[in-house]
Amino acid sequence: MIEVRGLTKFYGPVAALRGMDLSIPEGEIVGFLGLNGAGKSTALKILAGHLLPTAGSVTVGGVDLVAQPERLRASIGFLPEQPPLYGEMQVAGFLQWLGELRGLKRAVARQRTAEVMAQTGLDRFAARPVETLSLGYRKRLGIAQAILHSPRLVILDEPISGLDPVQIVQMRALIRSLRGEHTVLISSHILPEVQETCDQLLVLAEGRVVAHGTEEELRALVAPSLALEVEVRGESAAAIAAIERLPEVHAVTEARRRGEVVALRVDLRREGRDQVARAVVESGASLWGLRPVDNALEAAFMEMVRPQGAPNDREATP
Amino acid sequence: MRPIWLIARRELAAYLKGMLGYVIFAVLLVLEGLMFNVWALSSGEYRSAEVLGAFFTLTFGISTAAAVLLTMRLFAEEERDGTLVLLTTAPISDWQIVLGKWLSAFVMVLLFDAMTLHMPLLILVNGHVEPGHLAAGYLGLALVGAATTALGTLASALTRYQVVAGVLGGAFCLGLTLMWMLGKVADPPFDTILSYISLHNKHFMPFMRGSVHLRDVVYYASLAFLALLLTRQIVGARRWR
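Chains as they are written, first to last, in the working numbering: chain A, 498 to 815; chain B, 256 to 496.
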């Protein structure tokens with residue numbers, strides 16, 4: 498269990514963290530969300546043992562950061578946004594050296610090096626100098642060094658930034674493979690990525706955790722209503738009229754038209770997907786698709802990180 | 256001890272796998288060879304002990320330059336490349352980080368000093384070299400190397416720019432070397448203090464002449480320790496900044 502209580506960090510007179518509290522259960526993948534300047538990087542650097550807090554406490558498995566910093570650092574793996582790598586070293590040599598530096602015996606470090614290279618798909622590049630690797634493989638090597646010493650907590654700062662779509666899919670699978678074996682804390686500002694990968698989400702704003710829970714729990718905080726996107730082909734006017742007559746429906750608007758297929762946005766007062774589907778079919782139009790409009794997490798995020806006193810977009814809209 | 260050696264080993268590999276170590280060694284050895292030939296061997300008749308003393312003075316300056324050039328990258332480069340986090344998040348102490356880095360540069364300076372050994376041996380062609388005199392001089396160079404690499408390590412921890420670190424390290428070493436000049440014009444008790452803390456005159460001259468005094472050994476060891484202690488404080492303070 499990772500426990501953070503009252504974590505505060507000042508850079509001179511500037512407060513980066515203002516009494517942050519959080520608890521993270523073992524074995525979960527937790528997304529760390531926040532706008533630039535929210536204090537994410539500072540919090541991650543403190544959790545990784547790179548910085549020390551001005552006030553507050555951090556414990557990982559009961560080990561305190563300030564009282565036993567070296568012992569705590571042995572249980573943490575950290576990948577900053579730019580992977581910290583020594584370019585002149587070979588991939589296997591780098592991992593072997595780092596394993597020994599983190600207290601593994603030489604034979605154990607050799608075994609772990611082989612294991613994490615296989616896990617991260619780096620075994621083909623064992624003898625390659627690090628500086629010759631592409632960004633995607635550097636990120637993999639960054640993750641390999643972070644999990645090398647089997648830490649309880651793995652901290653990944655923007656692990657997919659700068660990767661191409663294929664590399665993103667591979668990285669996502671790699672991160673998911675860490676679930677259970679490690680507790681993983683991922684910082685990202687790419688919401689869909691966090692939705693895809695994480696079990697729980699933490700939202701940070703102005704140096705404090707403003708929300709913590711599963712994706713569904715966060716959605717429920719600000720998005721109680723339901724909207725659907727309904728694609729119909731053929732008699733769209735009849736379909737719209739049929740949908741509008743339903744008591745569950747608040748409003749229907751045409752979102753876009755592509756050839757004969759029209760996409761409708763249907764705002765519901767309450768759950769009514771069955772009724773909408775039946776109304777479309779009975780109107781004589783073809784039902785090509787029906788899915789919830791999924792911007793609820795984004796809306797929740799925007800609501801949570803909105804500075805106190807700032808105008809609410811939804812309230813401001815006439 | 257193991258983390259210290261692991262850090263030192265990686266730093267040594269970085270010096271020797273890249274061009275930096277070779278370029279510094281080659282340029283400074285050529286420079287020292289030329290200066291030794293012109294200054295110590297070619298101008299008039301001297302006794303062997305005087306030539307050896309001149310060689311040690313020359314090597315003091317050149318190996319100090321090597322120490323400054325070799326140490327300027329130690330922390331500044333890692334800070335610039337963002338790799339220092341590998342060390343600061345490892346389960347090792349700040350002392351071990353500092354000592355590992357310093358040890359690598361110290362070993363390089365010892366290597367450099369060892370590569371100058373052929374020059375005093377040239378004196379044997381037309382003269383005589385006392386092994387004790389030679390050993391004392393090289394012990395002095397090693398102690399100076401320990402102190403100057405510590406000062407260079409301190410300079411490197413103060414900035415993320417290697418050039419600034421080099422200039423700072425050079426200023427520390429040159430400033431301390433020239434303290435005896437200030438001592439000459441200062442009033443008591445500052446004249447004694449300034450003269451005592453000078454890197455060369457009071458403490459290195461006995462080694463040049465073949466004498467080893469405990470007070471000089473203590474001076475260089477203390478200077479190295481003080482510089483490394485300050486470096487450790489700076490590295491530690493970064494966690495709180």
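Misleading hints may appear alongside valid ones.
Residues from chain B that keep clear of chain A, each with C-beta distances beyond 10 Å, as calculated [as the list claims (entries may be wrong)]:
| # | residue |
| --- | --- |
| 1 | ILE262 |
| 2 | GLY273 |
| 3 | THR338 |
| 4 | LEU339 |
| 5 | THR343 |
| 6 | THR344 |
| 7 | VAL419 |
| 8 | LEU429 |
| 9 | GLY430 |
| 10 | ALA441 |
| 11 | ILE448 |
| 12 | ALA476 |
| 13 | TRP495 |
Partial list, derived from the structure: chain B residues whose beta carbon lies under 10 Å from chain A [said to hold, decoys possible]:
| # | residue |
| --- | --- |
| 14 | ARG302 |
| 15 | ALA304 |
| 16 | GLU305 |
| 17 | ILE347 |
| 18 | LYS457 |
| 19 | ARG494 |
| 20 | ARG496 |
Bear in mind the hints are in silico, worked out from the structure with no lab data behind them.
These figures come from a predicted structure and were not determined experimentally.
Each residue gets a CB set at the ideal place from its N, CA and C atoms; glycine is no exception.
Problem - Enumerated hints in conflict with the structure, sorted upward - result: 1, 2, 3, 4, 5, 6, 13, 14, 15, 16 and 18
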